[in-house]
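Asker: Here is what each chain is made of, one letter per residue.
Number of protein chains: 4
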Amino acid sequence: MTKKGIKIVTIGGGSSYTPELMEGFIKRYDELPIREIWLVDIEKGKDKLETVGAMAQRMWDASPYEVKVNLTLDRKEALKDADFVTTQFRVGLLDARIKDERIPASYGLLGQETNGAGGIFKALRTVPVILEIVEDMKRLCPEAWLINFTNPAGMVTEAIRRYGNWDRVIGLCNVPVHAIMVEPSLLGKKEDELIHKFAGLNHFHWHKVSDLKGNDITEELIEQLMDENNGLPKNIFDVPFYEEQLENMKMIPCGYHRYYYRQEEMLNHSLEEFKTIGTRAQQVKETERQLFELYKDPMLDYKPEQLQQRGGAYYSEAACETIASIYANKNTQIVVSVKNDGAVPDLPADCVVEVMAYIGAEGARNVAFGELPVAEKGWLQVMKAMELLTIEAAVTGDYGTLLQAFIINPLIPSGETAKQVMNELFIAHKEYLPKFKEIISKLESQGLKIKDSVVREMQL
Amino acid sequence: MTKKGIKIVTIGGGSSYTPELMEGFIKRYDELPIREIWLVDIEKGKDKLETVGAMAQRMWDASPYEVKVNLTLDRKEALKDADFVTTQFRVGLLDARIKDERIPASYGLLGQETNGAGGIFKALRTVPVILEIVEDMKRLCPEAWLINFTNPAGMVTEAIRRYGNWDRVIGLCNVPVHAIMVEPSLLGKKEDELIHKFAGLNHFHWHKVSDLKGNDITEELIEQLMDENNGLPKNIFDVPFYEEQLENMKMIPCGYHRYYYRQEEMLNHSLEEFKTIGTRAQQVKETERQLFELYKDPMLDYKPEQLQQRGGAYYSEAACETIASIYANKNTQIVVSVKNDGAVPDLPADCVVEVMAYIGAEGARNVAFGELPVAEKGWLQVMKAMELLTIEAAVTGDYGTLLQAFIINPLIPSGETAKQVMNELFIAHKEYLPKFKEIISKLESQGLKIKDSVVREMQL
Amino acid sequence: MTKKGIKIVTIGGGSSYTPELMEGFIKRYDELPIREIWLVDIEKGKDKLETVGAMAQRMWDASPYEVKVNLTLDRKEALKDADFVTTQFRVGLLDARIKDERIPASYGLLGQETNGAGGIFKALRTVPVILEIVEDMKRLCPEAWLINFTNPAGMVTEAIRRYGNWDRVIGLCNVPVHAIMVEPSLLGKKEDELIHKFAGLNHFHWHKVSDLKGNDITEELIEQLMDENNGLPKNIFDVPFYEEQLENMKMIPCGYHRYYYRQEEMLNHSLEEFKTIGTRAQQVKETERQLFELYKDPMLDYKPEQLQQRGGAYYSEAACETIASIYANKNTQIVVSVKNDGAVPDLPADCVVEVMAYIGAEGARNVAFGELPVAEKGWLQVMKAMELLTIEAAVTGDYGTLLQAFIINPLIPSGETAKQVMNELFIAHKEYLPKFKEIISKLESQGLKIKDSVVREMQL
Amino acid sequence: MTKKGIKIVTIGGGSSYTPELMEGFIKRYDELPIREIWLVDIEKGKDKLETVGAMAQRMWDASPYEVKVNLTLDRKEALKDADFVTTQFRVGLLDARIKDERIPASYGLLGQETNGAGGIFKALRTVPVILEIVEDMKRLCPEAWLINFTNPAGMVTEAIRRYGNWDRVIGLCNVPVHAIMVEPSLLGKKEDELIHKFAGLNHFHWHKVSDLKGNDITEELIEQLMDENNGLPKNIFDVPFYEEQLENMKMIPCGYHRYYYRQEEMLNHSLEEFKTIGTRAQQVKETERQLFELYKDPMLDYKPEQLQQRGGAYYSEAACETIASIYANKNTQIVVSVKNDGAVPDLPADCVVEVMAYIGAEGARNVAFGELPVAEKGWLQVMKAMELLTIEAAVTGDYGTLLQAFIINPLIPSGETAKQVMNELFIAHKEYLPKFKEIISKLESQGLKIKDSVVREMQL
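Chains as they are written, first to last, in my numbering: chain D, 1 to 460; chain E, 1 to 460; chain X, 1 to 460; chain B, 1 to 460.
Treat the hints as calculated values from the structure; they're not laboratory data.
Please note that a few of the clues may not be correct.
Heads up, the list lumps identical chains together, so a pair's fine if it works in one copy or across two of them.
[Claimed, not checked] Calculated lysine-lysine pairs in the DSSO-like style (CA-CA distance at most 27 angstroms, straight line): (1) 330 to 189; (2) 138 to 213; (3) 76 to 4; (4) 435 to 451; (5) 330 to 213; (6) 330 to 27; (7) 437 to 250; (8) 76 to 213; (9) 213 to 68; (10) 213 to 4; (11) 190 to 330; (12) 4 to 138.
Excised from the complex, chain D in its bound form (with noise of 0.2 angstroms):
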């Protein structure tokens, strides 16, 4: 690090998530004595950029550290020199998203943004820039740290590592976070007095508790969480997991495995969700104006309630939490994407996956989990399949490789309907898709186009 001060970048600056990430570091700042920030956006970004820029440089003004908010739609001068780069972006905006959840959802699919259809889709248009940006990176800023929380976030860290060869990655995420937080208090207890140990792939993982007696307190746990069905993030359906399989894998299960445990569930309130108040991300963008609406408002500075009621939460703790652990070598414990290294054994030593860590100044030491039972074992097995299936899509270009990912892909029935998704998906992200150029052409040729449904709802 620079003696002068930290200087952080962030990717994707114009999301509304941003202010958030300015409470956290200025509430850090004793720790995490930061020099100069740089928000960094695209062109069609910018008036985002501009209105959150001016709410985060307020929000500085009113502590008493003196830091200025740097503005930027140039990524180069931006990460000149960097300590910490941490990407927020999505390619393609919210439009995207909803598409990749209305094309799905308008044949009877789950479009599920981070580990469905969508999620697919997401990560081969987000591959192609993060590997530009780890580029860059190379050249300008070759010591810094990369905090990633992009979705689909462990198919991006897994890229990140093995397309990118790119070491010093992070890939955060808000649900373990959700989890540690909640848990305590359905045992009566406090936050310092569970102890956690992850293990899985980023939306989908596992974990276990334990009391300060060192007693294995998840069964006590798993009762408690049947009753309240409590621990949950905002922005998935509450359809409970059945007690019974809980009690055979003496584990917690993300809020996520939902759509693998209640597959059924989940795809008929996401249809309902579909036909009535709009998928996900149609909300999300509504709430998101509603956000900006507030972010202008020039007398705003500090992080609105409403931005907690965003699906999102916490992402920036873990984030600002992670930067500083790495700088004060802290040793904190979070729940990242990393290289595996053994932690999660039934998995290859050199791949991605979301355990447990403290994180200090060489990055995450995981905490090594040990072998899963049979069921969770096969389930990890046959995703991170689809994870490499997906990313080696997005860097071949391969049409073979991302039908074999959807077919594999457990939210997806194979066939037809699925083909035509998967074909659908790319007419509607062919502008981010350079790598399948060719292949889109070939479809568009056939007449293939986004169905009228669709598009209407997009111009709404």
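Mind docking chains E, X and B on chain D? Use the hints.
Answerer: Showing chains E, X and B alone in chain D's frame:
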């Protein structure tokens, strides 16, 4: 082996397949000098046993060889000093399979009698019985070989080894036999001009093909297969594989992979049959009825043409050849379900896999296949997890374990419908599931019954 | 833990290390409020127990805390309701170790009391006793933690887990403590400016070091170590490592690796000592004698300087810190022998390894190290095989298994001499090897005796 | 294969083994219709090539078949359109092997020309040459099979696959052939009454044996082997294995395991020979001289008896049978060094192992052996590490890597003597080690020379 000649015992000897088995033995008498054959069945199958048994004796009498076909309902009497035991029984007969298929179908789900919901319940019914047979064999014929072709053959073989601790077992299936016989003609070649390598699980394997120059010609064969959509056993609906997928995997999947790779179409086809001509089991039942009519003809002393039409053609061919190869240490290449020993390095060395093997006096000498590509590796690992959960549930009677098997099964969308299907199958098969007695009582006390429509159908 | 305060039991309490242990507890009383300490020993060690026990009580009396030090020969009385049990006993006392070293040396072989021929016999003597202790603990203090520093600490911990089925165990060693304390000064840094990662087995591990910028500075440290030949516990002869080798491995081996990497020099040095000043055990025996002279002084109420000179310095430091970290869930980083859980992916997840871990209420949270380079991976796998063979022999009493351990041990050249050493060690330790009773009788009936020279030496 | 008949190229064709090779081809002409044979050698070997080449032609002329034996020093001319290439060359001829043996022996260490210090340097000399040959083959005969019996055959085959990226290679050794031929008679059986399974590395494998009832009779065979101390190739001193060890492993080690299991006796025997009749290589040199005297006899047109006395008997038998099996897709069982593919699950699937395989048109179909017991697993892993380090050093020319290979090698006690041996071997072989040119210059500039005694011996 005894010097006097070989004693062969067939459990489920009243099956319509028995004549094929006899034909196979007669054909191989020179290398496999059989002394006596015992056909064993249960009280309920007595009539069929007598019909097919008489016919079997006629076949031998029409041959140049003097072999006595003994019929018995006393398994222990038959097993005493046996050299080879073949198992082709169905717990609950075809009616049970009809329930396996119709109950899921009545909810819009796939029954699939081997790897789907139906197959899971078939395993639950079969595993306790096969483990009893193994216990008898330990006492009565500890040096005998068990040649299993009761489905789901992979899971049953796994249970025999893992829970029965019986090593001298080989599981058989006609699917690979079919592929090996059909493929040469697609390439304008003779059968001995192709070299096959298999890896996977029963009804879930892939293979590669080389020519006599040692060149891998799998891709050429894929092209032919796509053109002709050939190479498919009769019991599988012939929706074509996606060419792009096969080009990516560079291996040939088995026919049953259609259920996984074209889930939508296979489901629709199965529901269509359910609503019109009846499920596959119902069709088989009719075929069987006709076969037994033929078998009653006291003049019939050879395998009738019609048996070929039945799904399992070549099963018995594989069985007879396996037995002859063990007896005469022939080193014939046969695809079998046996202990892995590393042949499929992506699965544990001590689990059961389906691979090409050279069969000789010490059983199967598996051909090591090497690592699978990422997609197939993921599929294989999740399917083995499903198998292990199913047979563990069969042995322990644990509801949660079985629920995990249902939920992880790629052919079953998880959720309430799946759980109701599972519960209704419990009721339907209660007499064959003593391990689950308490659970079934509880379900019944909650008023759970089999759907009227399914009951009605069964009475037809 | 009981509310009244902590009960600590030390088996082998008559050891000369006990005052260091007391000092460690006194230093940490604020976070580790001990109520009572029980020092347990056997009849033969009664005098020492009384001497060191009185001294231990004096140390507490000189402190601000009121703690009772109980002395007993009745292990069961002591274990009742214990919170922590530490084991530092030597089956056969130092005299047994002298035989472990002198008998091999009399044949020109290395004794090496931890991983060599001597260490193998130390394990044979110790494993049955530790398994008895574990059985007592299951009944008398089933929630207690067992902190083992009886050597060979890795094998003993493996036996406790594998054959004793006891999970709450942590094996400790002073070698990594030494490295962590010495290395910063070599680089002109403070202790908290280096970050360590360890992987391997007890007395057979490697480590890597990073600085607070997150850069791996192991190579820089290797240079310093080669220059100064520092970082070595006192009980290991200081022949330098080959710089070319260390540069290749890019890790720092532990001091004991000298036995493997400089076998010739270590053997010559050990034979030289054998012939002149006596083996290490003989030197230690003299040191111990002097220490006990000091301990008898009724005015001595603090740990004397001279104890530092003894080989095991810091052992007790590690033990006290481990206990305090468990009790207060401190998450201190300590290098421990514990269940792998994947931290060293080159070894099975369920075996014991020595790794860096964060120690807290649920025990060790191992830092995943990732795969080792090819040479170190090979070494590790062969050494773990040696360990597993040794403890299997200790449990089964099988001569062939032990012979395999001897032959595979890299410090023992196989052949008649090695076999004679093995046989003579059987005779020498016969009273502590009840499992091998018949084998030893047979050897004695063949006229086998301990060499006169060794007997004579023992009587000195 | 070309229709006109087969072209076979033998590199190192001037070897004394060539007549055995010719005999093998003549015997198999019916199934292996050879058109032309090319014997390739280097300038230094020209005389021998002419002698043995003339004799080879006489052998064919005395046969019913018309085959031309071509002699050339131009490898490329020979390789053009070859169908099979066999390699039996020695870089540096027998004189280099004499140095490999005598230099270590002069320091009291084992030379051991395959897995010891000598074998390591043999690999260093051979790997660069075989990689050149492979490059030639890629251009001149890309469909040819490379049948390697240049030692150390396992390491050479590993190098061909790993660094040459050439798949069509099979490594051969006569050691397993010997075992398979000798063992039946020990049990009063015929050759086709035993079934063999092998696992391990070249000169480092174990095997198990079954009878025609499928029973494992390895333990019975061990008893016979211990009684008769039979089953040993001529080039290995016959100190017996320890019966207790063999009973524990329940497998039969290969003859070369004597070096590992009876290190002391093998070393003493080798030093004894060194001081009296000369090392093995010196004896072989004399045998070779005598053989070439015979070969000069223009009347000799058959393989002379005396060749049988030479160590490598059956090598050529294995080579000819391998070639015929590939050509005619015979599925003969032969023990070969090939890509593992899981056959030995304790080693990575992509490394080279030595296993039983069925040899056919696509090469080796390895028989999966299953997991090894703990001791043999450990041995195997450490030996594969030694092999990988050696060939890596051969390719990179890195001194530290080679030092690691020396230190990990179980036949070399680490330390100054070993390092001096290594350095002196560098000097001795400098003309064949271009990758180590700088290192050797440095050693020479420090005044390092080959010991006079070794030099003197060489001049004899």
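Asker: Decide, hint by hint, whether the structure agrees.
Answerer: Hints versus structure:
1. 330 to 189: Both: 24 angstroms inside a chain and 18 angstroms across chains, each within 27 angstroms.
2. 138 to 213: between (46 angstroms within a copy, 17 angstroms between copies)
3. 76 to 4: Close inside one copy (21 angstroms), not across copies (62 angstroms); limit 27 angstroms.
4. 435 to 451: within (23 angstroms within a copy, 52 angstroms between copies)
5. 330 to 213: both (24 angstroms within a copy, 13 angstroms between copies)
6. 330 to 27: both (16 angstroms within a copy, 24 angstroms between copies)
7. 437 to 250: Between copies, since 24 angstroms is at most 27 angstroms while 47 angstroms is not.
8. 76 to 213: between (51 angstroms within a copy, 23 angstroms between copies)
9. 213 to 68: between (47 angstroms within a copy, 24 angstroms between copies)
10. 213 to 4: between (44 angstroms within a copy, 15 angstroms between copies)
11. 190 to 330: both (21 angstroms within a copy, 16 angstroms between copies)
12. 4 to 138: within (22 angstroms within a copy, 58 angstroms between copies)
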